[in-house]
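Here's the letter readout for the chains.
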Amino acid sequence: MILDVRDTYTPTGVASNAPTSAVLAPAGTASSAATADLPAGASTASSAAIIRDPSAVPAIRTENVSRIYKVRGEKKAQGEGSKALTALGGVTLQVEQGELFGLLGPNGAGKTTLIKILTTLLAPTGGICYVDGLDVVRDADEVRRRINMVSGGETSGFGILTVRENLWMFSQFYGVPSKDAYARIDELLKIVELDDKANTRVSSLSTGQRQRMNFCRGFVTDPKVLFLDEPTLGLDVHAGRIVRDFTRNWMRQDPTRTVLLTTHYMAEADELCDRIAIIDHGAVLACDTPTGLKRMLQQQPIFAIRAAGIGLGQLEALGRAPGVQRVSGEPDAGGNGFLLKFILDDEAAIGAVVTALTAVQGRILGLQKEEPTLEDVFIKLVGRSLTTEDGGAAA
Amino acid sequence: MLNASVERPAERGLIWRENLRTLRVAAWLGWQVEGNWADPLVFFIFTILRPMATALMIVVMYRVVAAGAQGDFFSYLFISNAFFVLVIQTLAGMAWVILDDRENYKMLKYIYTSPARKFAYLLGRATAKVGVGGLTTIILLATGFLFLGLPLHLNQVAWGWLLLYLVLGLVMLAGLGLILAGIAMVVARHGESMGEVVAGMLLLFSGAYFPPDILPAWLRNVSLVMPITYWLEGMRRALVGGILQGSNGPISPLLAQFDNGQLAIILAVSAAVSAVGSYRFFRWVERQAQERGMIDRTSEH
Amino acid sequence: MNKHTGRRLFFDAARARAYPRIWGAMREPSWVFFEIFIPLINAAAFVYLYRALHAPEAYVGFVILGATMAAYWLNVLWMMASQLYWDKQSGFLELYILSPASLMAILFGMGVGGMFMTTIRAATIAIVGTLLFGVQLDGSQWGLAAVVFLVAMYALYGLGMLLSSVFLMWGREAWQVAMALTEPVFFLTGLNFPLSKLFATIPAALTFVSALVPVSFGLDALRQLLFPGQIVGVLSPVVELGILAVLGSGFVVAAYLMLRRMEWLARVEARLSLRWQ
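Residue numbers (the numbering used here), protein chains in the order written: chain A, 1 to 395; chain B, 396 to 696; chain C, 697 to 973.
These are computed hints drawn from the structure, not numbers from a lab.
Check the hints yourself; a few may be wrong.
[Claimed, not checked] Simulated coverage check for chain A against chain C, where a stretch passes if three residues somewhere in it have a Cβ under 8 Å from a Cβ of chain C:
#1 116-122
#2 159-169
#3 176-186
#4 329-339
None of these values were measured; they are calculated from a predicted model.
Glycine is no exception: its CB is placed at the ideal position from the N, C-alpha and C atoms.
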């Protein structure tokens with residue numbers, strides 16, 4: 001496995017380009033020791049007994065792929081060259097057959113750009129990409145026979161047709177014989193609990209129902225590589241669970257099936273993915289199993305402190321306390337103070353944190369040491385949480 | 396807390412200010428929307444070329460039969476067609492505001508949940524369409540005069556009547572446009588076709604291309620109850636300074652029965668009825684739309 | 697799963713794409729009113745204009761025939777040429793390109809479906825208009841007229857495919873250009889008057905543009921065959937038929953080449969996913 005990691009983070013005790021055992025060994029062996037560290041009830045796709053053939057062609061391979069957009073309509077200052085936006089800056093990844101691979105990153109990180117390149121919708125401006133051993137640019141037609149994509153939040157559909165008819169129509173674009181297509185459609189609709197709507201016009205469906213229909217569209221054609229771009233976006237809890245369970249079971253049925261999943265939801269990535277790449281500003285910051293990523297932070301203790309009398313303005317001061325690597329904060333959900341999360345060099349640094357809090361007139365309401373979560377890894381690497389854009393803050 | 400006697404004058408003043416503000420902002424928005432073209436060439440094509448093509452089509456139709464003669468019928472046809480553009484832009488334009496904002500921009504619900512005055516918003520949004528329609532009309536008339544032999548003489552134009560008919564006509568058209576906009580609010584699927592139906596009906600019954608005298612008797616009556624028929628006749632007369640004549644008397648003996656004053660009265664009454672009626676109708680339709688959840692419903696077609 | 701490929705996949709995809717056009721339209725009976733009544737009303741306005749001008753009665757027939765062909769032109773412009781643009785708006789275009797089916801197959805299906813539904817509309821307009829206004833047709837050359845009609849449709853829908861590849865690259869401008877091509881084409885193709893009269897009036901360059909739109913020669917040939925002796929055609933119907941056949945083949949080939957090129961360019965310039973605004 002080759003990964004491209006920014007210089008801003010060097011995991012201690014882990015070689016930055018060492019292959020992870022999850023790539024080559026049967027799933028379950030590498031992570032079985034790590035599962036003891038995970039919260040009770042969590043499971044990973046790695047715990048399934050899937051044997052992967054190490055000699056198989058990788059499902060997805062990118063070599064230094066980049067995508068730069070020229071920004072149109074911007075007024076140029078004299079002497080200034082045309083503006084360009086780097087959506088992807090030299091990403092190198094490899095996803096093996098049978099993997100459920102996650103791409104985690106904030107809005108604008110480059111996840112969807114990468115998926116669009118891999119699904120032949122967008123040409124890269126540099127580098128090369130392969131899906132199932134085929135060049136996505138030169139062999140686009142052949143690539144399309146083997147893939148499918150589902151974008152979360154997608155509610156498109158021919159309103160005048162029924163659910164069944166919409167799905168049948170798209171199956172025909174993939175050459176699925178009608179008899180097979182109808183059988184698969186009925187099976188899929190039952191799984192996503194839309195079977196009673198099979199003969200209902202799409203214009204009469206709710207948004208969530210349409211999303212479930214579009215989710216089925218991705219599986220009707222039995223792709224070898226499936227791209228799920230935030231598939232549970234906008235779905236309720238129950239529907240989200242159906243989607244996740246179905247994806248996992250679908251992969252178990254055939255070890256050559258591969259899924260590339262992008263998501264905003266940490267828990268979803270943690271639950272589903274064999275490996276996760278964290279991407280931001282067009283670059284992969286880290287790539288490992290969920291357990292491996294969390295292990296990066298086990299050297300650094302994490303403390304959660306609920307404090308009153310402070311706000312976002314004091315975060316910077318708190319971040320400067322000796323021994324503090326990162327601090328993030330958001331208003332406490334209970335409306336009772338501010339919830340701060342500190343990643344420290346070592347446990348002894350907690351004293352300095354308490355001193356710093358007192359110095360900014362903060363009152364500690366609660367303090368506890370936490371096990372690292374994927375979100376902590378994300379904050380560590382990206383510098384903010386996925387919810388930061390909405391209301392929290394980081395320093 | 397303000398007491399009741401102080402509240403009312405301030406509230407009235409506030410309503411007027413809100414109306415003006417909404418009108419101003421909506422007019423600005425309308426111009427932004429109408430002018431949001433990536434290329435001025437596309438604007439030219441849409442605003443000038445399309446109406447010009449229609450005008451040229453009827454010119455050729457006329458010349459094919461009349462073998463180049465440019466009698467009063469040519470003036471009748473060309474002037475009517477030029478003002479007909481303004482009619483359609485105003486009527487269909489207001490309905491399009493509802494459809495555009497609801498279906499394409501999906502912003503109508505936000506307008507409705509804001510304190511913006513809805514009537515003023517529609518009028519403001521429609522000003523750009525009326526402006527564009529007016530510009531097209533002027534360009535068509537100028538083209539007819541300069542290149543196609545349209546006999547227009549500035550010293551023959553009855554400016555007073557022209558201005559009066561124009562003002563009354565715009566009020567009348569705005570009212571009718573508001574009625575159409577109201578219908579568009581509660582019609583889910585066929586809002587876009589509605590404009591075409593109205594345009595087609597008006598083309599047939601308003602005397603735009605031919606005098607209503609040509610129609611069978613039972614259709615002629617439809618023509619005579621439409622205020623736009625009288626408006627087009629008024630605009631034609633004002634521009635050429637009199638009633639247009641055919642080979643055996645007025646081109647439209649039916650309409651020639653009405654003198655300018657009578658036309659003005661008909662238009663004034665139409666404008667008043669249309670303004671008051673459309674306001675009441677629109678308020679009623681808004682309530683219907685709220686009850687039926689039509690304000691933010693998209694049609695899927 | 698044994699999926700179809702090659703020619704089988706082409707026809708699977710075309711059939712699937714034609715499906716919503718045909719069956720979807722059947723489920724919306726409102727088209728009977730809107731797509732027949734509106735063209736008839738517009739045609740009636742031109743019929744009465746000709747009657748006001750005391751034109752020969754054959755001109756009424758020209759207008760009805762023109763309204764019939766206009767239905768096809770509008771279908772080609774809005775339901776083929778602009779369709780990929782609308783599909784881009786709705787997110788379908790990405791799904792089409794993602795699939796192994798070619799865009800030509802998708803467009804072919806759109807064309808077949810559209811032509812089927814438009815034929816029902818056009819036939820209704822023609823029959824109702826003929827009966828309503830008492831049009832007298834000469835049926836002695838129905839066979840040749842039918843061949844001219846079919847070849848004109850082949851050329852027209854070929855042009856639709858070509859235009860769709862061009863519109864694929866454009867944003868909101870595509871919609872505006874489609875609107876811009878409505879009335880100007882009505883004028884340039886002699887929808888309401890003999891083409892020869894138009895050609896005598898306009899510059900030579902415009903006659904060339906007119907000739908490129910299959911409606912022009914299609915309509916001119918049909919008028920000569922159905923109203924013999926009452927119209928002077930630009931060329932004989934047989935020559936016009938040949939031109940239409942050549943045009944059609946040229947459009948289809950050009951459409952194929954353009955579609956591939958435009959799809960490539962759209963991928964390079966990231967235009968496949970542009971939404972409204």
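- Query: Of the numbered hints stated previously, which ones are contradicted by the structure, given in increasing order?
  - Reply: 4
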